[in-house]
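Protein chains in written order, with the working numbering: chain A, 1 to 267; chain B, 1 to 356.
FYI, nobody ran anything at the bench for these hints, they're computed from the structure.
It should be emphasised that the depicted structure is a prediction, and the values quoted were computed from it without experimental measurement.
In this text, a Cβ means the ideal position worked out from N, Cα and C, and glycines have one as well.
The reader is advised that the hints may include incorrect statements.
Which residues of chain B face chain A? A few of them, derived with a C-beta cut under 7 angstroms, are [unchecked claim]:
| hint | residue |
| --- | --- |
| 1 | Ser19 |
| 2 | Phe20 |
| 3 | Thr21 |
| 4 | Pro76 |
| 5 | Phe102 |
| 6 | Met106 |
Each chain, written out:
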Amino acid sequence: MSRGVRHYPGFGWMTVLCLVILYAPLIVVTVYSFNGSTSITTWGGFSLRWYVDVFTGPEAPRFKAAAWNSLTIALIAATVATAIATAAAVAMHRAGGFRGRSLTFALINLPLMVPEIVVAVATLIFFTMVGITTGYMTILIAHITFCIPFAYLPIAARLQGIDEGYEQAARDLYAGRGQAFFLVLLPLMLPGVISGYLLAFIISLDDFIITNFVKGAGMETLPTAIFGSVKQGIKPNIMAISTLMLAVSAVFVTLSYLVNRVGRKSP
Amino acid sequence: MAAVQDAVDIRNVTKRYGSFTALDGVSLGIADNEFFTLLGPSGCGKTTLLRMIAGFEEITQGEIRLFGDPIAGRDPNHRPVNTVFQHYALFPHMTVRDNVAFGLKMKGMDAASRRARAERMLEMVHLSAFADRMPAQLSGGQQQRVALARALAPEPRVLLLDEPLSALDLKLRQAMRVELKQLQEETGITFIFVTHDQEEALTMSDRIAVMSAGQVQQIGTAREIYEAPVNRFVADFIGETNLIEVEVTRVDGDRAEVVLPGGHRLTCPSASRTGGRHALSIRPERMSVVAEAGADMLAVVERVVYLGTDLQLMVRLEGGAEFHVRLQNSARIAVPEPGARIGLRIEDGAARLLAD
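Next up, chain A with everything else stripped away, as it sits in the complex (with noise of 0.2 angstroms):
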């Protein structure tokens, strides 16, 4: 009889070491986001004024606007990417044998594995050399460029998980391609695709290393904002709009789960 993974020798400090040191910054964040003194490390009593300083306080038209970038790039990045990597899932995994199919699994997952700030040298070297200017563009560009693995993911999975029968029954019963992939195939493929597209999102969202590379002079976004504000040393505020993205984060990837249970319930 298996004992449970609770009987290993140190199961319980390990958890609780884990769960402090992944969780605990969150909370003090979170926690002194609410703090009612001006100070980052005292405890002066149960406050709104920090989220309302995020809204109206001096840096409000600065934070607005950069949040108003983040929301339109990620929104767009988002919805490009997911358009991309469900046309290259179904193309590899729908398409049979090609020649470069190996490659091409290797070229849309190799983002995930090179490391950040080398893509975004590369990147901005790409712009100078190719002459755009950098600014909101550029950073769309970018993001579109490295959500499509993530995006990808989900939606690759969900796609090998569906028998290639109901296309074909599709097909068989005189539907053409478009046809059977629009009305069939795709609606199959849904929860992967949100899956997939609630990821890419939240990376756009949360992107910074890239973004700062090639968002030129006055472009902000909310990352770049936040880093920006916090040279000038640590705010209250900060706190608030930490808190806020948080929130944002927490419900998509709330999304994002629920959307692939629901799914993985039909076949």
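Let chain A serve as the given structure and place chain B on it in line with the hints.
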């Protein structure tokens, strides 16, 4: 040239996957309104042939014609055939009704007509009450019926069935056999049925093509392939048989004289035109136990197996070959004891000399 055109005309079709030959020069004609079965063990190429007709496999060599038209290069959606898939492949995100109406929608039928037709098809398969369910809410047998209704709804000229009963339990399978045959007769559509189950093939088919190793071994009615198998494979695959090596002493047209173990001579129908050593197939249920004096062969009983409706005698012939005899379980027969010496009489037509 026959006056009636074949529904499906398969001419010398070969399919290779790399160095593996799945189909090797298969030719056969399937008549309109026929219930035609491709029967063979897994890997014999029967499903490949079916998928070629449906348009899911390319033809390496040869030609397939549907009602006279060559279909190579036509996409599956441009062929007047529909398929009932082995695992049904019902669209899980659509209701039963939408599944059945899918082909009609693709053909451009208006919403009201296709709804009416879907209802009619569901009525035909006794599932009217389930139209609004999702496929996952149905039992295997019900899903199978939906798959049938879906494939028949667009009125294909040929219906392809890829082992559709294999996922059902025995009772349901037996009921579906009758239902399928009735459906075929009612609709008048040509059915091409793929199966590895010889009983299924025998009960439903107008004609059967027995396949093995990518080749058609024999084509004929159930009776023909059961009673007049051409070779060892067919004799052994269809039903139960005894195969014994015999010496052919004389060939006369389609009959031959052979020497049975023990020395008696027997004249029987023959698939062979040559002398020498050949296999003789003797069906175990076409034997009777007789006194040694009037027997064709002598044997010692080794074991008696009780099978309910039948008794199976496992005996050893003179010369050492194992042999099976099936007797109907009846109060009128005297069941021999193990160890007893018995005489065996081969009924007329029970034995057939094979080509190999």
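Going through the hints against the structure:
1. Ser19: At about 16 angstroms, which exceeds the 7 angstroms cut-off, the nearest Cβ of chain A leaves the hint on B/Ser19 violated.
2. Phe20: Check failed: Cβ of B/Phe20 comes no nearer than 15 angstroms to chain A, outside 7 angstroms.
3. Thr21: Result: violated, 20 angstroms to nearest chain A Cβ.
4. Pro76: Constraint on B/Pro76 satisfied, holds at 4 angstroms.
5. Phe102: holds, 5 angstroms
6. Met106: holds, 4 angstroms
Violated hints, in rising order: 1, 2, 3; the structure is consistent with all others.
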